[in-house]
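Protein sequence lines, in the order shown, are assigned to chains A and B.
Quick note on my numbering: the first sequence kicks off at 1 and runs consecutively.
Quick note on my numbering: the second sequence kicks off at 1 and runs consecutively.
Since the hints were made in silico from the structure, they are not lab data.
Predicted model only: the values in this text are computed from it and were never measured.
Glycine included, each C-beta is placed from N, C-alpha and C at the ideal position.
Among the clues, some could well be false.
[Stated by the list, open to error] Covered stretches of chain B (chain A as the covering partner; in silico rule of three or more C-beta atoms under 8 Å from a C-beta of chain A): (1) 66-75; (2) 108-120; (3) 135-149; (4) 241-248; (5) 292-301; (6) 362-370.
Number of protein chains: 2
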Amino acid sequence: MSVDSSSLGPSLRLSSRMAGVRSSAIRDLLTFTARPEVISLAGGLPAVELVPRGRIAQAARRALGDPHSVQYGETSGWAPLRETVASRESEAVGRRVAPAEVVVTHGSQQALSLLAQVLLDPGDTVVVEEPGYTGALQVFRAAQAAVVPVALDANGMDTAVLEQALREGLRPKVVHTVSNFHNPRGVVLSAQRREHLASLADRYGFWIIEDDPYGELWFDAPPPAPVATHSDRVLRLSSGSKTVAPALRIGWLHGDRRVCEAVELLKQGADLCGSSLTQRIATELLDDRTWLDSHLAAIRGAYSARSHALVGALESVFGERISHTPVFGGMFCWIEFADGCDATSLLARAIEHDVAYVPGGAFGVADAHSHAARLCFATYGGEVLVEGVNRLRQAYDAHIRTPWSVTGH
Amino acid sequence: MSVDSSSLGPSLRLSSRMAGVRSSAIRDLLTFTARPEVISLAGGLPAVELVPRGRIAQAARRALGDPHSVQYGETSGWAPLRETVASRESEAVGRRVAPAEVVVTHGSQQALSLLAQVLLDPGDTVVVEEPGYTGALQVFRAAQAAVVPVALDANGMDTAVLEQALREGLRPKVVHTVSNFHNPRGVVLSAQRREHLASLADRYGFWIIEDDPYGELWFDAPPPAPVATHSDRVLRLSSGSKTVAPALRIGWLHGDRRVCEAVELLKQGADLCGSSLTQRIATELLDDRTWLDSHLAAIRGAYSARSHALVGALESVFGERISHTPVFGGMFCWIEFADGCDATSLLARAIEHDVAYVPGGAFGVADAHSHAARLCFATYGGEVLVEGVNRLRQAYDAHIRTPWSVTGH
Chain A
1 MSVDSSSLGP SLRLSSRMAG VRSSAIRDLL TFTARPEVIS LAGGLPAVEL
51 VPRGRIAQAA RRALGDPHSV QYGETSGWAP LRETVASRES EAVGRRVAPA
101 EVVVTHGSQQ ALSLLAQVLL DPGDTVVVEE PGYTGALQVF RAAQAAVVPV
151 ALDANGMDTA VLEQALREGL RPKVVHTVSN FHNPRGVVLS AQRREHLASL
201 ADRYGFWIIE DDPYGELWFD APPPAPVATH SDRVLRLSSG SKTVAPALRI
251 GWLHGDRRVC EAVELLKQGA DLCGSSLTQR IATELLDDRT WLDSHLAAIR
301 GAYSARSHAL VGALESVFGE RISHTPVFGG MFCWIEFADG CDATSLLARA
351 IEHDVAYVPG GAFGVADAHS HAARLCFATY GGEVLVEGVN RLRQAYDAHI
401 RTPWSVTGH
Chain B
1 MSVDSSSLGP SLRLSSRMAG VRSSAIRDLL TFTARPEVIS LAGGLPAVEL
51 VPRGRIAQAA RRALGDPHSV QYGETSGWAP LRETVASRES EAVGRRVAPA
101 EVVVTHGSQQ ALSLLAQVLL DPGDTVVVEE PGYTGALQVF RAAQAAVVPV
151 ALDANGMDTA VLEQALREGL RPKVVHTVSN FHNPRGVVLS AQRREHLASL
201 ADRYGFWIIE DDPYGELWFD APPPAPVATH SDRVLRLSSG SKTVAPALRI
251 GWLHGDRRVC EAVELLKQGA DLCGSSLTQR IATELLDDRT WLDSHLAAIR
301 GAYSARSHAL VGALESVFGE RISHTPVFGG MFCWIEFADG CDATSLLARA
351 IEHDVAYVPG GAFGVADAHS HAARLCFATY GGEVLVEGVN RLRQAYDAHI
401 RTPWSVTGH
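With the rest of the complex left out, here is chain A:
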């Protein structure tokens, strides 16, 4: 979706920025799959039954005992929450992180959006992963950056390809990576490539945005230490949306103090401050380490079981017709159709069969990944996932029989 503002007339026209801004394909899809009978593997929605509503209600009641919980708050986030985040980040990166190196944002998407404004002038170069996170592509395009894709493989962004491009003169201002359980590919950036990427940032002088909302959702073993362990050119984003609750809208940025100050300045104009209430709730939950550890263990167990259910069904129902990236954590499974079946045309048929996913093309900078798709296994239990795969097979068979009628839709 883009906005048709041609009827507004020249003096009321929208800004030129709007010409490059389009709705994410995932968003538009979700509007088509809102029917309750559709099994939507399209959204990146955490399992709502695993969100600790009772614990949140308790924390809300406690927070509301304090009058300041309903007042405006500090732009950079409630001080105790910044301390909590700083302490978590200190453990993750193996050095002391100060609260002044943390900004709490309205989800990590806001951190990404403010960072793009803080760091990028129109025409600046940004390296993204191919395929990449659509919310990042959207933000970088809105900043009128030149977006350069670097391919992913089973070990994450191919940093040898990046290095070659740097040697040939590429000078990015920013390199964006979803280092853990990649959206949409599911892969993990290897330890060796993390070090390599950090050394390239130091050598060539660019910022790394390490976008890490899924790192806590590992199944059998935690991912390697963050890229931020290896360089102070890293701006690390994470979030409570996948571990505690999306509706608290708590994300954060950790990194260079001057960048944090600049993000805070822009956040003043962007929305004054976050919610004192939801920041207090998040703080209580993140500070209760005993509870949080068992809560995370429950999510990891459930998501692991769901990923096995999905992958098992894909293997038994589709056999050699599809391949998939192994799943070690996160929320997504990336599949590719061996016969080159076009996932966008198949989607129309799939929705007729009450199942949905995101076609790979939605994540591409270039016009690629047409025979791939992202399936989210987090939202539903195993039985529903199996039923979803069965419906997908029916849609696939119907599509194979009469592809042209579908293409002609």
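We have chain A already, so just place chain B on it with the hints.
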């Protein structure tokens, strides 16, 4: 405050946008007045004891009974909240407003920020009030707009001055007005000028941003019908922050559907969506009209009494030394020192006497209002306000005796 990023080196430099972005003077002041013994008339903070914490706790508990209250939500806002806002706006402007003409934002500041990005290209002209809302000045400067001030008087923005400038060739893309109980001046745009401003927008083709967070806070009589009553070129912003609670971070935009669509598109990249939880809480409170009416009556009564306490103290303690704009609602009283006392130098002395305010210069586009100040009467009860005025007089007397030593600080 601006960010000193000179030490970052050329390849890591911040965007050129950041050169024009500075912290609002109010924000920086607040950091100096955080000592509990300071009576700060500087912040625009609602009375926290009037925020209905018990009612919010009830609504939170009820909302959390529904699993969807903790999930991601629609970018444009929870549908029932958009309906509630559309219904309130329909009553206010006297015609039917559709939910599709409403976007719920993270406070009305987010609506202002997204509107600036949707409407303005660098170099576009924006008319603001002089003095004006600092949060608007900040956003328009970040959008690299050319900001043109138009003076206010006791009846709000002087639309005759605006018309003259338009006749002489001024072609603004946007005119921003705080139509009710102006921040910082406290004045109300007269009914006649509302019509005049709307007719100018229609004749010359510009958008009006009618920024109205204080309209419900009238004392003896409601303000005239909104500017939006008179033209569909009006983008109307309001908020639950001053009536329900700042911490819910619920604001909204009502206006042209194409602009709403564009704001929604940018909001996807800005923060994905608002909080499903606080939007549900706000909906319950705004929908309970019986409760809301009595709650608003209580706020109006308390703020009216506080304004009388402040103004009475100013008159009895300062006499002819200051003049003030009559207060009919809102949260602010604007004073001017008859002897031309410089309010910025006085502030240093005032903080020594444990009282604070915002000097008029903070609100000026040009270097003006140096002998004026904004005092907020909403935050404290009458006795504290009187004590604050007494301290201010002591500071004033000390300043008058030895102004140069203070200037030399």
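Structure-inconsistent hints, enumerated in ascending order: 5, 6
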